[in-house]
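Asks: Numbering of the sequence shown is given in this note's numbering, commencing with residue 33 and proceeding in unit increments.
Calculated directly from the structure, the hints in this document are not laboratory data.
Hints are not guaranteed to be accurate.
Said to hold, decoys possible - For each label pair, taking beta carbons as the anchor points, the in silico distance ranges come out as:
1. GLY128 with PRO71: 11 to 21 Å
2. ILE47 with LEU110: 31 to 41 Å
3. TYR53 with ASP116: 31 to 41 Å
4. THR99 with HIS58: 38 to 48 Å
Glycine included, C-beta positions come from ideal geometry on N, C-alpha and C.
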Amino acid sequence: ETYLTLPVAIQSLGIQVSVLYYISKHIAEREPDPEHQAPVVLTVICTYLHALACFCSIPMGFRMLYTLYTDQISYLALIIVVMDCFLMPMATFVIGGVYLC
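Sequences are here, hints too, so could you generate the full structure?
Replies: Rendered as structure tokens:
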């Protein structure tokens with residue numbers, strides 16, 4: 033599964049560096065203005081990066097559910113996997129999306 037996560041990690045790192053560079057150049061050129069809206073490009077990129085960060089644990093969760101199903105592990109482990117790999121990323125996605133938009 034490492035061969036799948038490495039491209040996602042490299043893509044996320046590249047996007048984060050690009051966003052931070054854009055923000056640093058954008059902030060250095062402007063005076064603070066309370067009525068100024070964030071650029072659309074920056075909002076779209078941040079939303080995409082937020083979704084990528086939230087949903088990267090879901091494939092691992094499916095793999096863990098398959099392992100739990102075949103090994104017949106306890107219900108406590110099942111609850112922990114479902115909460116950690118599915119419910120928390122979905123809640124983070126919704127709450128973070130509200131703050132981004």
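Asks: Next, verify each hint and record whether it holds.
Replies: Okay, the hints, checked on the actual structure:
no. : hint                          : verdict
1   : GLY128 with PRO71: 11 to 21 Å : 19 Å, holds
2   : ILE47 with LEU110: 31 to 41 Å : 34 Å, holds
3   : TYR53 with ASP116: 31 to 41 Å : 33 Å, holds
4   : THR99 with HIS58: 38 to 48 Å  : 45 Å, holds
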